[in-house]
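Participant: Here's the letter readout for the chains.
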Amino acid sequence: MAKVTVKDIRKTFGETTKVLEGISFEANDGEFVSLLGPSGCGKTTLLRIIAGLEYADSGEIHIGDKEVSKTPPKDRDIAMVFQNYALYPHLLVSENIGMGLKLRKYPEAEIKTRTDDAARMLDLQPLLDRKPAALSGGQRQRVALARALVRRPKVTLLDEPLSNLDAVLRERTRGELKLLFRKINGTAIYVTHDQVEAMTLSDKIVVLNKGRIQQVGTPHEIYHEPQNTFVAKFLGAPPMNIIPAPQILEAGFSPEVPGEAKDRLLGVRPEDLNISVDSSDGAIAFDVTLREATGAQTVLTIKAGALELRANLSGDWPINGLKAFVSLPADKLCWFDASTKEACS
Amino acid sequence: MKDEGTQVWINWSFAVPALVLMGLVNVIPIGQAFYFADGFSALPLDTRLVSSLKNTFVFTLATVLIELVLGLAMAMVLLKPLPGRGWVRAAVLIPWALPTAIMAMAWQWIFNAEYGVMGDLLYKIGLVSSPQIAWLAKPGLAMAACVLADVWKTTPFMALLLMSGLANIPDELYEAAEIDGAGPFRQFCFITLPLLKPTIALAVIFRAIQSFGVFDLVWVLTGGGPGGKTQMIALYVYDTVYRYLDIGYGCTLTLVMAGCLALMSGVVLLVAGREEA
Amino acid sequence: MRPSPWARLFLGCSVAVIVVWSLAPFLWQVITSLKPPAEVVSVPPTYWPSSPTIASYFKIFENRPFGTYIVNSFIVALGTTVMCTGVGTLAAYAFARLSLPGGKWAIRAILLVALFPPTILIVPLYKLIKAIGLLNNPFGLILPYTALNLPFTIWVLMTFFKQIPKDIEEAAAVDGLSRWGTLLKIILPLSAPAVATTGILVFIFSWNEFLLALTFISRDAARTVPVGIALLSGVTIYEVPWDQISAAVVLTTVPVVLMVLAFQRRIIEGLTAGAVKG
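Protein chains in written order, with our numbering: chain R, 1 to 345; chain H, 1 to 277; chain C, 1 to 278.
Worth flagging that the hints you see were computed from the coordinates, not collected in a lab. A few of these clues could be false.
[What the hints assert, rightly or not] Straight-line alpha carbon distances no greater than 30 Å define the calculated DSSO-like cross-link-like pairs of lysine-lysine that follow:
1) Lys102(R) / Lys166(C)
2) Lys166(C) / Lys178(R)
3) Lys166(C) / Lys54(H)
4) Lys74(R) / Lys131(R)
5) Lys127(C) / Lys112(R)
6) Lys183(R) / Lys210(R)
7) Lys112(R) / Lys162(C)
8) Lys154(R) / Lys3(R)
9) Lys131(R) / Lys185(C)
10) Lys204(R) / Lys262(R)
11) Lys197(H) / Lys104(C)
12) Lys7(R) / Lys112(R)
13) Lys70(R) / Lys131(R)
14) Lys178(R) / Lys154(R)
15) Lys131(R) / Lys3(R)
16) Lys127(C) / Lys197(H)
17) Lys166(C) / Lys74(R)
18) Lys18(R) / Lys7(R)
19) Lys104(C) / Lys154(R)
20) Lys185(C) / Lys210(R)
21) Lys112(R) / Lys102(R)
22) Lys105(R) / Lys154(R)
23) Lys131(R) / Lys104(C)
24) Lys70(R) / Lys127(C)
25) Lys178(R) / Lys210(R)
26) Lys18(R) / Lys127(C)
27) Lys262(R) / Lys178(R)
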């Protein structure tokens with residue numbers, strides 16, 4: 001296991017398409033790091049550069065104490081789990097798992113024990129003599145994981161490994177993945193566009209957009225202290241309300257605005273709004289224009305004059321509750337600069 | 001990591017043996033044809049060239065049209081779910097897979113003037129008054145025999161091409177048309193034909209080019225006879241070079257042939273392209 | 001929806017007509033070859049041999065170097081198949097997967113070249129083969145046959161290689177395989193069916209080819225089967241009886257018929273994938 005350092009990676013496709021514009025971050029030994037961002041943000045390219053499947057135009061990759069920017073993938077001591085698993089269809093499951101060891105000339109006996117270990121860890125023992133075509137999606141996914149783990153690589157790279165599973169299986173596998181990596185305590189870099197995966201699995205999240213890092217931090221930091229409006233809106237469903245401060249004041253709220261109101265945006269998470277059917281001190285009255293109940297929670301779209309907010313409350317909201325009284329949580333407000341969209345504190 | 005330039009060379013080297021072979025066999029000879037060609041001034045006066053071009057065009061037009069119609073019918077039948085479809089398809093493939101020259105021998109026997117089974121069959125049905133028909137000795141009949149043999153041989157290929165095109169037309173379109181009240185004939189006209197047009201264009205170009213270069217079938221079946229009435233351009237080239245040993249003029253004729261082919265594919269592409277737009 | 005009985009009857013009849021039409025000329029040769037010599041020339045022709053005999057099959061081997069023709073044909077067809085699939089696989093892999101600046105243009109050029117019938121190449125090609133001294137030599141046929149089949153082979157295999165997910169090759173790279181290793185251990189085993197398909201088609205083409213075989217081979221002992229049989233006719237038509245010619249036709253076509261029966265599905269796949277080959 002080892003630390004991975006990514007230093008100022010730049011990559012351009014063709015003449016002009018800048019995919020990565022100076023990416024730097026670290027994954028410490030044993031850390032599970034997610035690269036999170038919308039599709040086209042460059043996260044997969046970044047992972048492939050770390051793997052050595054593509055080469056950056058400039059910048060450095062360190063794995064352990066070795067600089068590997070120009071090293072081919074097989075000499076980087078990495079393992080990778082591909083989005084479509086990339087199992088060799090003509091080889092048995094056991095051969096798929098053992099391929100990397102065999103090519104590195106491990107003795108037969110060790111290949112066998114390691115393959116068996118990995119298979120046990122992932123519940124694959126009964127399937128070792130089958131071919132990938134005879135496996136279900138979830139089983140293939142586990143074979144792909146086993147193939148990565150059997151090598152005991154310095155770092156495991158995972159490219160949206162859950163995206164081809166159906167919802168139920170995805171949730172279960174997500175939990176298993178977390179337990180597994182906690183058990184082997186391995187360094188992992190995990191690409192995903194799914195915020196829930198990133199939030200639940202990671203020790204650290206790197207949020208990317210348009211080839212630039214938006215924020216690096218723990219899931220808690222990313223969610224509660226977004227550094228700009230992109231991060232604020234990308235995480236959370238429904239996303240954070242972001243409203244120009246003057247509109248807030250106009251509606252009758254009186255939060256403490258840091259600096260000039262016209263230069264500020266207020267961010268507040270839908271679940272943080274204090275909302276009630278009953279009028280109370282300082283609460284502003286809103287019309288409920290849409291009520292979306294999912295059972296465990298209810299999302300309300302509410303309007304007061306030009307100001308529209310979304311609120312997320314656990315539990316129900318009365319069907320005939322056409323008025324909502326809202327006050328802002330003073331300790332949970334995020335402020336952004338209106339022109340730079342960066343957080344200001 | 002090797003630097004990019006070297007890598008590109010290594011990559012190309014995978015393709016080099018193939019490229020060299022094709023260059024040697026397909027490209028250099030065309031260049032050589034230009035080099036060796038002579039006797040251009042004789043072209044306009046060459047009545048044999050004119051008649052063999054005429055024969056080749058007639059043959060090409062007839063075979064491609066008949067094959068298109070029969071091939072389409074065959075494709076539509078073969079696409080239907082049938083018991084033993086694999087065997088039916090294998091049977092259909094056989095004419096395509098058998099050696100043309102050898103099957104030309106078989107046709108020669110079928111069209112034999114005295115003992116041929118074709119004359120006898122037609123006589124038994126009552127279409128002709130005598131079973132002895134000199135198929136290969138009468139100009140019109142000889143050409144018909146060549147066309148028939150080629151149609152037999154190549155319709156399966158046409159059918160295969162069209163089948164793959166037909167299979168790509170979504171079933172929902174037919175179902176929608178049926179709901180709109182179109183019967184089988186109108187479904188064919190309004191859905192099958194328009195959607196199949198690109199495939200048909202491809203198949204027609206391809207078959208026309210092949211047909212225009214016909215050699216072995218005619219050479220074995222009629223030898224270009226009777227009296228040159230089934231003499232095709234390829235047979236003329238062959239005769240010029242191997243019987244009259246005039247390689248220069250042979251090359252010139254080759255170029256004429258290549259020009260005709262380029263012209264034909266151009267016209268078909270143009271027509272197909274205009275219809276698309 | 002179940003088709004009406006009339007539609008089913010119509011379909012059945014169409015299928016019967018198609019099958020009979022496709023097989024009749026070949027079956028007529030089989031029937032002729034089983035007739036005793038006297039019956040072959042009976043008027044009107046008999047539709048079933050009165051006393052079937054396979055004597056003609058032995059006679060062709062006595063009267064003509066028919067065995068040699070067959071051996072020659074096998075050498076040429078097998079040689080072409082091996083060479084074409086080998087060279088073609090390499091090139092197809094390069095075009096499908098490796099970064100080749102200008103590769104797209106090369107493929108277009110190759111397909112354009114493939115469009116033209118070999119007839120127009122024959123004269124200059126003859127000079128070329130003569131110049132390198134390969135007339136009357138199996139290689140004088142294997143080389144041009146390989147080249148003529150390469151565009152089709154490359155096209156079909158390239159299409160197939162492109163369908164293999166790139167992930168698998170990247171997984172192989174992470175596992176530690178080189179480019180060659182990936183081609184040999186991953187791509188080839190995966191594409192064995194496609195390679196076999198093109199191999200079958202190339203074999204059939206080479207077995208059947210006539211024009212080049214006629215012009216490049218003049219020595220009787222070096223001839224391939226189609227030419228050997230075609231030359232039975234013409235001047236000698238009255239010397240070689242039709243029962244023997246028919247026997248020769250049947251014998252020569254049997255390998256092809258067997259291949260079609262065995263690989264019908266493959267052949268159709270290959271032809272429609274290529275869609276660029278007569």
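Participant: Each of the hints needs a verdict: does it hold here or not?
Facilitator: Checked hints:
no. : hint                  : verdict
1   : Lys102(R) / Lys166(C) : holds (22 Å)
2   : Lys166(C) / Lys178(R) : holds (28 Å)
3   : Lys166(C) / Lys54(H)  : violated (52 Å)
4   : Lys74(R) / Lys131(R)  : holds (24 Å)
5   : Lys127(C) / Lys112(R) : violated (62 Å)
6   : Lys183(R) / Lys210(R) : violated (34 Å)
7   : Lys112(R) / Lys162(C) : violated (34 Å)
8   : Lys154(R) / Lys3(R)   : holds (8 Å)
9   : Lys131(R) / Lys185(C) : holds (16 Å)
10  : Lys204(R) / Lys262(R) : violated (34 Å)
11  : Lys197(H) / Lys104(C) : holds (26 Å)
12  : Lys7(R) / Lys112(R)   : violated (38 Å)
13  : Lys70(R) / Lys131(R)  : violated (35 Å)
14  : Lys178(R) / Lys154(R) : holds (18 Å)
15  : Lys131(R) / Lys3(R)   : violated (35 Å)
16  : Lys127(C) / Lys197(H) : violated (41 Å)
17  : Lys166(C) / Lys74(R)  : holds (16 Å)
18  : Lys18(R) / Lys7(R)    : holds (17 Å)
19  : Lys104(C) / Lys154(R) : violated (40 Å)
20  : Lys185(C) / Lys210(R) : violated (38 Å)
21  : Lys112(R) / Lys102(R) : holds (10 Å)
22  : Lys105(R) / Lys154(R) : holds (18 Å)
23  : Lys131(R) / Lys104(C) : violated (35 Å)
24  : Lys70(R) / Lys127(C)  : violated (52 Å)
25  : Lys178(R) / Lys210(R) : holds (28 Å)
26  : Lys18(R) / Lys127(C)  : violated (55 Å)
27  : Lys262(R) / Lys178(R) : violated (44 Å)
Checked against the numbered hints above, the structure breaks hints 3, 5, 6, 7, 10, 12, 13, 15, 16, 19, 20, 23, 24, 26, 27 and satisfies the rest.
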